[in-house]
Each structure stands twice: as structure tokens, then as C-alpha cells.
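Asks: Sequences and hints are given; from them, build the entire structure.
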Amino acid sequence: MVPAGVNSPRLMVTDMTTAKIEPYLPVYARGANKLLRYEERPFVCRAGKRGIERVAIFLDKNKTVQVMTAQVIWLDQPM
Numbered sequence: 001m002v003p004a005g006v007n008s009p010r011l012m013v014t015d016m017t018t019a020k021i022e023p024y025l026p027v028y029a030r031g032a033n034k035l036l037r038y039e040e041r042p043f044v045c046r047a048g049k050r051g052i053e054r055v056a057i058f059l060d061k062n063k064t065v066q067v068m069t070a071q072v073i074w075l076d077q078p079m
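Using full-length UniProt numbering, the letters of the sequence shown correspond one by one to residues 1 to 79.
What the hints contain is simulated information worked out from the structure, not anything from laboratory work. There could be a bad hint or two in this list.
Ranges between beta-carbon positions, derived for each pair [what the hints assert, rightly or not]:
{"#": "1", "residue 1": "V67", "residue 2": "V44", "range": "18 to 24 Å"}
{"#": "2", "residue 1": "N62", "residue 2": "P42", "range": "28 to 34 Å"}
{"#": "3", "residue 1": "K34", "residue 2": "D76", "range": "32 to 38 Å"}
{"#": "4", "residue 1": "P42", "residue 2": "K63", "range": "26 to 32 Å"}
{"#": "5", "residue 1": "T69", "residue 2": "K34", "range": "16 to 22 Å"}
{"#": "6", "residue 1": "Y38", "residue 2": "K63", "range": "16 to 22 Å"}
{"#": "7", "residue 1": "D76", "residue 2": "L35", "range": "16 to 22 Å"}
{"#": "8", "residue 1": "Q77", "residue 2": "L35", "range": "17 to 23 Å"}
{"#": "9", "residue 1": "C45", "residue 2": "M68", "range": "15 to 21 Å"}
{"#": "10", "residue 1": "I73", "residue 2": "L35", "range": "14 to 20 Å"}
{"#": "11", "residue 1": "L35", "residue 2": "V72", "range": "16 to 22 Å"}
{"#": "12", "residue 1": "N62", "residue 2": "R37", "range": "17 to 23 Å"}
We put the beta carbon where it would ideally sit given N, CA and C, even for glycine.
Replies: What follows is the structure in C-alpha cells.
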């Protein structure tokens with residue numbers, strides 16, 4: 001499995017009338033978005049596993065602040 005990134009093979013259809021296919025780009029690489037910062041928040045899931053959620057806080061094209069989960073780092077690894 002290839003992580004999502006600039007060279008990711010995952011594609012997204014943006015215009016159904018012309019079936020134009022554009023490559024998927026993460027939040028920090030999109031032109032209209034401005035990454036403000038990353039924050040790390042510890043959490044415990046329902047199964048009792050601990051982890052750290054890294055969230056991206058950015059401005060979208062309408063200049064409103066958006067929050068998106070960028071990465072989940074699990075502290076309790078299965079054995």
C-alpha cells in the first residue's frame with residue numbers, strides 16, 4: 001500500500017461532465033489551502049488502544065479554518 005502523497009497513484013474524478021481525472025494531492029500540497037500548523041492529540045480508542053492523532057489545521061479556499069486528521073500513530077502495538 002502506497003501512502004497518499006504527491007506521487008500517489010490514487011486518482012480522484014473532479015468533473016463528471018468531461019471525466020477529467022486529476023491526481024489526489026494532500027492538504028499541504030493543494031494550491032488553495034494554506035497549512036497553518038500540525039497538532040498532536042493523545043487519545044484512547046473504544047478498544048482501549050492508546051495513540052496520538054496528528055491533525056492538520058489549515059485555511060481552505062474560503063479562508064475558513066478547517067481541521068483534518070492527517071495521521072494516527074498507535075502507541076500500543078499488537079503482538
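Asks: Give a verdict on every hint.
Replies: Hint check:
The hint said 18 to 24 Å for the Cβ distance between V67 and V44, and at roughly 20 Å that hint holds. A hinted range of 28 to 34 Å holds for the C-beta pair N62 and P42, which are about 31 Å apart. Taking the beta carbon of each, K34 and D76 are about 35 Å apart, inside 32 to 38 Å as hinted. Against the hinted window of 26 to 32 Å, the Cβ-Cβ separation of P42 and K63 comes to about 30 Å, which satisfies the hint.
Checking the proposed 16 to 22 Å range against T69 and K34 shows it holds: the Cβ atoms sit about 18 Å from each other. At roughly 20 Å, the beta carbons of Y38 and K63 sit within the given window of 16 to 22 Å. For D76 and L35, the hinted distance range of 16 to 22 Å is not satisfied, since their beta carbons lie about 29 Å from each other. In this structure, Q77 and L35 break the distance hint of 17 to 23 Å, their C-beta atoms being roughly 29 Å apart.
A hinted range of 15 to 21 Å for the beta carbons of C45 and M68 is consistent with their spacing of about 19 Å. Against the hinted window of 14 to 20 Å, the Cβ-Cβ separation of I73 and L35 comes to about 19 Å, which satisfies the hint. Between L35 and V72 the C-beta distance comes to about 18 Å, which sits within the given range of 16 to 22 Å. For the hinted restraint 17 to 23 Å between N62 and R37, the CB-CB distance of approximately 19 Å keeps it satisfied.
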